[in-house]
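Residue numbers (this note's numbering), protein chains in the order written: chain Z, 83 to 467; chain S, 271 to 658; chain X, 120 to 345.
Please keep in mind that the hints were generated in silico from the structure rather than gathered at the bench.
Take the hints with a grain of salt, since some may be wrong.
List of simulated lysine-lysine pairs, BS3-like, C-alpha gap at most 30 Å [unchecked claim]:
1) Z/87 <-> Z/453
2) X/297 <-> X/312
3) Z/179 <-> S/510
4) S/507 <-> S/622
5) S/507 <-> Z/342
6) S/377 <-> Z/319
7) S/622 <-> Z/179
8) Z/257 <-> Z/453
9) S/622 <-> Z/342
10) S/507 <-> Z/179
Keep in mind the model is a prediction, meaning the values are calculated, not measured.
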Amino acid sequence: MKLLKLIFRNTLRHWLRTSLTVLGLAIAVVAFVVIRTTIDAWYAQAEAASPDRLVTRHAVSLTFFLPVAYAERIGGVEGVNTVSHATWFGGQYIEPKNFFANFAIDHTTYLDLYPELLMAPEARDAFMQERQAAIVGQKLADRFGWQLDDRIVLTGTIFPGDWELVIRGIYTGAKENTDENTLFFRWDYVDERMRQETPGRAGYVGTFIERIDDPTQSAAVSERIDALFQNSIAETKTETEEAFSLSFVAMASSIVLGLKIISIMVIGIIMLVLGNTMAMTARERVSEYAVMKTLGFRPFHIVGLIFGESLFIAAIGGGLGILLAFPLGGLVSIALSTFFPVYSIAVLTLAFAALSSFAVGLLAAVFPALKAVRTPIVDGLRIVD
Amino acid sequence: MNLLAAYSFRNVLARRLTSTLTIIGVALVVFVFCAVLMLSNGLRQTLVDTGYEENAIIIRKASQTEIQSILLRDMANVARNDVAVETGPDGDPFATGELLVLINQPKRGSGEPSNVPIRGVGKYSTTIRPNIRLVEGRMWSPGTSEIIAGRKVAENFQNGGVGGTVRFASRDWTVVGVFEAGGSGFESELWGDYDQLAQAFQRPIYSSLTVRVPSQEAFNAMRERLENDPRVTVDVKREKDYYAEQSNFTRTYINVLGIIISIIFSAGATVGAMITMYASVSGRTTEIGTLRALGFSRFTVLSTFLVESVFMALFGGALGILAATFLSRFEVSTTNWDTFAELAFSFQTSWKIVIGALIFAVGMGIVGGFLPAIQASRIRIIEALRAK
Amino acid sequence: MAEAIVQLKSVFKSYYRGRLEIPVLSNINLSINEGQFVALMGPSGSGKTTLLNLIAGIDRPSDGEVRVAGDDIARLSESEMARWRSENIGFIFQFYNLMPVLNAFENVELPLLLMKLNRAERRRQVETALGIVGLADRMDHYPNQLSGGQEQRVAIARAVVTDPNLLLADEPTGDLDKQSAEDIMELLSRLNKEFGKTIVMVTHDPRAAEAAEYVQHLDKGELVQA
Ligand SMILES: Nc1ncnc2c1ncn2[C@@H]1O[C@H](COP(=O)(O)OP(=O)(O)OP(=O)(O)O)[C@@H](O)[C@H]1O
Ligand SMILES: [Mg+2]
Chain Z
83 MKLLKLIFRN
93 TLRHWLRTSL
103 TVLGLAIAVV
113 AFVVIRTTID
123 AWYAQAEAAS
133 PDRLVTRHAV
143 SLTFFLPVAY
153 AERIGGVEGV
163 NTVSHATWFG
173 GQYIEPKNFF
183 ANFAIDHTTY
193 LDLYPELLMA
203 PEARDAFMQE
213 RQAAIVGQKL
223 ADRFGWQLDD
233 RIVLTGTIFP
243 GDWELVIRGI
253 YTGAKENTDE
263 NTLFFRWDYV
273 DERMRQETPG
283 RAGYVGTFIE
293 RIDDPTQSAA
303 VSERIDALFQ
313 NSIAETKTET
323 EEAFSLSFVA
333 MASSIVLGLK
343 IISIMVIGII
353 MLVLGNTMAM
363 TARERVSEYA
373 VMKTLGFRPF
383 HIVGLIFGES
393 LFIAAIGGGL
403 GILLAFPLGG
413 LVSIALSTFF
423 PVYSIAVLTL
433 AFAALSSFAV
443 GLLAAVFPAL
453 KAVRTPIVDG
463 LRIVD
Chain S
271 MNLLAAYSFR
281 NVLARRLTST
291 LTIIGVALVV
301 FVFCAVLMLS
311 NGLRQTLVDT
321 GYEENAIIIR
331 KASQTEIQSI
341 LLRDMANVAR
351 NDVAVETGPD
361 GDPFATGELL
371 VLINQPKRGS
381 GEPSNVPIRG
391 VGKYSTTIRP
401 NIRLVEGRMW
411 SPGTSEIIAG
421 RKVAENFQNG
431 GVGGTVRFAS
441 RDWTVVGVFE
451 AGGSGFESEL
461 WGDYDQLAQA
471 FQRPIYSSLT
481 VRVPSQEAFN
491 AMRERLENDP
501 RVTVDVKREK
511 DYYAEQSNFT
521 RTYINVLGII
531 ISIIFSAGAT
541 VGAMITMYAS
551 VSGRTTEIGT
561 LRALGFSRFT
571 VLSTFLVESV
581 FMALFGGALG
591 ILAATFLSRF
601 EVSTTNWDTF
611 AELAFSFQTS
621 WKIVIGALIF
631 AVGMGIVGGF
641 LPAIQASRIR
651 IIEALRAK
Chain X
120 MAEAIVQLKS
130 VFKSYYRGRL
140 EIPVLSNINL
150 SINEGQFVAL
160 MGPSGSGKTT
170 LLNLIAGIDR
180 PSDGEVRVAG
190 DDIARLSESE
200 MARWRSENIG
210 FIFQFYNLMP
220 VLNAFENVEL
230 PLLLMKLNRA
240 ERRRQVETAL
250 GIVGLADRMD
260 HYPNQLSGGQ
270 EQRVAIARAV
280 VTDPNLLLAD
290 EPTGDLDKQS
300 AEDIMELLSR
310 LNKEFGKTIV
320 MVTHDPRAAE
330 AAEYVQHLDK
340 GELVQA
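Let the sequences and hints guide you as you build the complete structure.
Pasting the structure below:
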């Protein structure tokens with residue numbers, strides 16, 4: 083329709099203002115996407131969880147360890163297919179700020195339980211054969227420039243001393259949300275040294291991981307496992323991998339909530355910027371709208387013009403923001419890689435950003451449109467700009 | 271200049287809606303900026319307040335936190351008997367070996383479990399930290415499964431109050447008292463008798479040894495001795511320094527994220543201010559021409575518009591700061607990732623934050639107003655007067 | 120005798136500032152016949168624009184009856200009035216009021232968008248209108264690329280493009296130099312004589328008023344005999 087052209091020309095009328103508005107919107111949309119993605123990153127671990135995996139930990143808290151001998155008994159539980167174990171090692175690479183997750187795992191079973199960790203068959207073999215072998219995620223290797231066969235030293239915080247490792251494998255994730263920022267090495271390496279240095283600490287692991295035959299039976303299997311150790315010195319708590327991961331998110335619920343509030347405030351900023359522009363625009367055009375009404379245009383025409391302009395700007399700003407979110411999100415992901423192993427922009431976030439821009443576009447036009455409709459023609463004509 | 275300031279100010283008032291929107295934009299940004307820094311500051315301050323100037327803490331080398339530290343009793347004894355350690359009220363070394371472990375307990379409200387630290391303490395634990403004060407109930411009776419709770423634990427966890435029972439290590443423990451510790455991190459802990467807890471957890475070790483060493487020289491000498499003593503592998507720190515470090519990771523997270531968000535936000539608000547200022551300039555072309563015709567210099571015109579923009583930004587900044595100060599009434603209870611334990615703390619303002627926020631706001635005003643002000647100063651008198 | 124196209128019967132109009140009543144027009148009785156060219160004169164503030172607005176149906180009388188082309192416009196609803204205006208009235212403003220973002224052609228085309236016409240029909244009518252005002256060669260010029268006189272001629276083309284019977288002009292030459300003003304008056308006369316348009320024109324310029332068939336004087340809100 084012809085009026086579309088008028089809308090388009092109107093937006094270009096104050097091209098500087100329109101560009102600034104578009105820029106402001108784009109920036110706010112980027113902020114929105116970045117914050118939402120940061121929130122998602124908290125949940126990434128839980129999302130990557132597989133429904134057929136359970137995690138068993140000490141009932142008191144994760145800082146207590148379980149006897150490795152439990153593995154055999156858990157393996158006998160009806161519904162459990164495979165048992166493995168992983169222990170948060172808490173090793174530091176050179177200095178504390180190089181933080182990343184590192185686990186001492188049962189090399190014989192762990193990789194079977196995590197088929198999403200993809201690596202060359204040779205890496206797997208080397209891992210099986212060599213006690214000091216380590217496997218690292220691709221992103222982690224990139225972060226420190228590690229190559230295959232590099233030797234690195236982790237300083238233990240929970241297990242004292244320096245621990246020399248050889249990188250024998252670099253894994254990539256099968257899925258977008260697979261964590262590629264973790265180092266795995268063999269638990270028997272840790273245990274051997276514990277046996278020599280502090281025998282009292284030998285033979286303990288942080289968590290058991292079970293693969294179950296039927297994911298719908300996870301609750302029943304969990305109960306059966308925990309029942310085994312009821313009233314023993316080390317009682318257990320078993321839950322699905324997802325619930326286990328979500329318990330970490332719950333611990334940070336205040337921060338996640340804060341981020342959610344901020345992400346809503348961003349939409350407020352978009353609203354202010356566009357609202358401001360639309361208010362100015364409408365004020366400047368009072369007489370033009372009056373002329374149009376004199377020519378016989380009806381209020382809905384005028385309303386259409388104002389909404390059209392507002393939505394047009396919102397669409398361009400929102401679109402630009404969504405486009406910019408990818409490179410900028412990448413930068414943020416690098417800045418935050420210590421904290422979030424997985425940082426990727428979800429389609430839902432983009433959809434929500436688009437929807438918010440649209441809603442803001444509508445909302446910003448309401449007040450100016452009302453004002454334009456309500457201003458009597460005679461008053462509008464009286465205002466000569 | 272006074273007249274020009276009034277002129278700028280009245281112009282802000284004249285374009286009321288637009289100015290208000292701009293001011294709110296700046297206020298929002300400054301609010302978020304302050305809130306994040308106040309959160310980070312509150313976290314740090316709570317932990318800094320936890321440590322005592324006169325005390326030193328000894329943990330296993332490289333373990334960084336008490337939770338991860340294991341001090342065998344003979345190691346602890348070497349440190350306890352160091353000459354630098356003051357003599358306590360009973361004539362023995364003024365030192366206390368403590369066990370700190372985390373127990374997973376449901377929070378009030380959400381019912382989600384979180385980690386509460388429980389500290390097994392000895393006879394000097396409260397004397398060596400003089401601001402620990404029982405505010406409700408009583409102390410535990412020796413040899414029983416009784417514990418006392420920090421005020422924040424009592425408030426934030428189910429069963430944390432007097433009379434509550436907490437189950438862990440195959441026993442039911444009854445909370446018999448609630449204590450305060452001057453708002454410090456200890457208020458986020460449960461305390462019980464060392465002997466009872468070490469037995470229940472089957473951990474006959476210490477997590478840390480806290481000793482009274484008031485003089486700095488004595489402390490330095492002690493650290494020197496212990497860190498070179500082949501019988502022990504320990505880190506020796508001032509208690510204050512130790513606690514201050516217990517939030518590095520979490521604070522870095524909050525700060526990095528907060529600053530990224532603030533910068534992106536401020537770009538948005540600056541653009542908003544720029545839009546308003548450009549409109550202000552184009553709406554006053556004739557006015558500017560008149561001012562110039564009256565003999566005001568380009569520079570004066572430029573500064574008038576900058577002042578106008580800075581006015582708005584300062585006003586918005588002040589609003590944002592004011593709104594943020596209300597946050598200090600709120601307490602946040604969340605996991606401190608450095609220790610993996612739940613810690614309660616409040617938003618805390620500081621002059622540094624307030625001044626930083628004002629500078630930030632003025633910065634937005636200057637950046638947002640500069641280009642429009644340049645444009646205003648470039649307007650030619652004749653053309654401006656001819657414009658309708 | 121020709122039929123009366125505009126008929127005002129004891130029309131009153133007041134504005135209210137708060138509770139204060141400001142009478143602007145009182146007891147106006149006026150009848151304008153089809154094909155007449157009437158000039159409306161009077162001192163500033165006497166109510167000329169107000170009267171014109173009432174005839175144009177962009178304002179409503181406080182009391183009395185305004186009949187234009189047989190319709191009692193006070194009875195029409197807002198939307199009926201808008202449609203009525205687009206069909207019956209062409210309005211010409213002192214400050215032209217062209218859309219700065221549209222070129223001459225598009226400005227003239229604007230009122231046609233309200234009618235059910237296809238592109239070709241619209242183009243033909245716009246070209247005719249611009250031809251009448253002598254600006255066929257300026258169709259793709261934007262208002263800021265036209266002189267004041269040309270702008271006003273585009274505005275006139277816009278007013279006649281829908282072929283209304285009644286043209287209303289509020290000081291159409293008020294902002295123009297002498298030569299342009301004469302051109303505009305000539306154009307209006309031609310529209311009146313050749314095309315039979317009824318014209319009501321407010322003006323301060325006695326020479327412009329000469330082009331009109333007769334002059335109505337307005338003073339302090341009342342019609343007076345000159
Ligand atoms: N919306 C309004 N509110 C209050 N008073 C008004 C309003 N509109 C017009 N008036 C008053 O009505 C009177 C007539 O105004 P009008 O515009 O009709 O005068 P005019 O004859 O066209 O004058 P001019 O020759 O200066 O254009 C004036 O005194 C004016 O102040
Ligand atoms: Mg008038």
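Okay, the hints, checked on the actual structure:
1. Our distance criterion of 30 Å between C-alpha atoms is met by residue 87 of chain Z and residue 453 of chain Z, whose separation comes to about 23 Å.
2. Taken as a hint, the residue 297 of chain X and residue 312 of chain X pair is honoured in the structure, with Cα atoms around 22 Å apart against an allowance of 30 Å.
3. Restraint check: the Cα-Cα separation between residue 179 of chain Z and residue 510 of chain S comes to about 21 Å, which is no more than 30 Å; the hinted pair holds.
4. The hinted pair formed by residue 507 of chain S and residue 622 of chain S meets the criterion: a straight-line CA distance of about 27 Å does not exceed 30 Å.
5. Proximity of residue 507 of chain S to residue 342 of chain Z is assessed by CA-CA distance (about 38 Å); at most 30 Å being required, the pair is judged violated.
6. Only pairs whose Cα atoms come within 30 Å are accepted, and residue 377 of chain S paired with residue 319 of chain Z is accepted, the gap being roughly 17 Å.
7. Pair hint residue 622 of chain S plus residue 179 of chain Z holds up; C-alpha atoms about 25 Å apart against a cutoff of 30 Å.
8. Restraint check for residue 257 of chain Z and residue 453 of chain Z: not satisfied, since their Cα atoms lie roughly 52 Å apart, outside the 30 Å limit.
9. For the hint pairing residue 622 of chain S with residue 342 of chain Z, the CA-to-CA distance comes to about 27 Å; that is within 30 Å, so the pair holds.
10. A threshold of 30 Å between alpha carbons decides the hint, and for residue 507 of chain S with residue 179 of chain Z the separation of about 19 Å falls inside it, so the pair holds.
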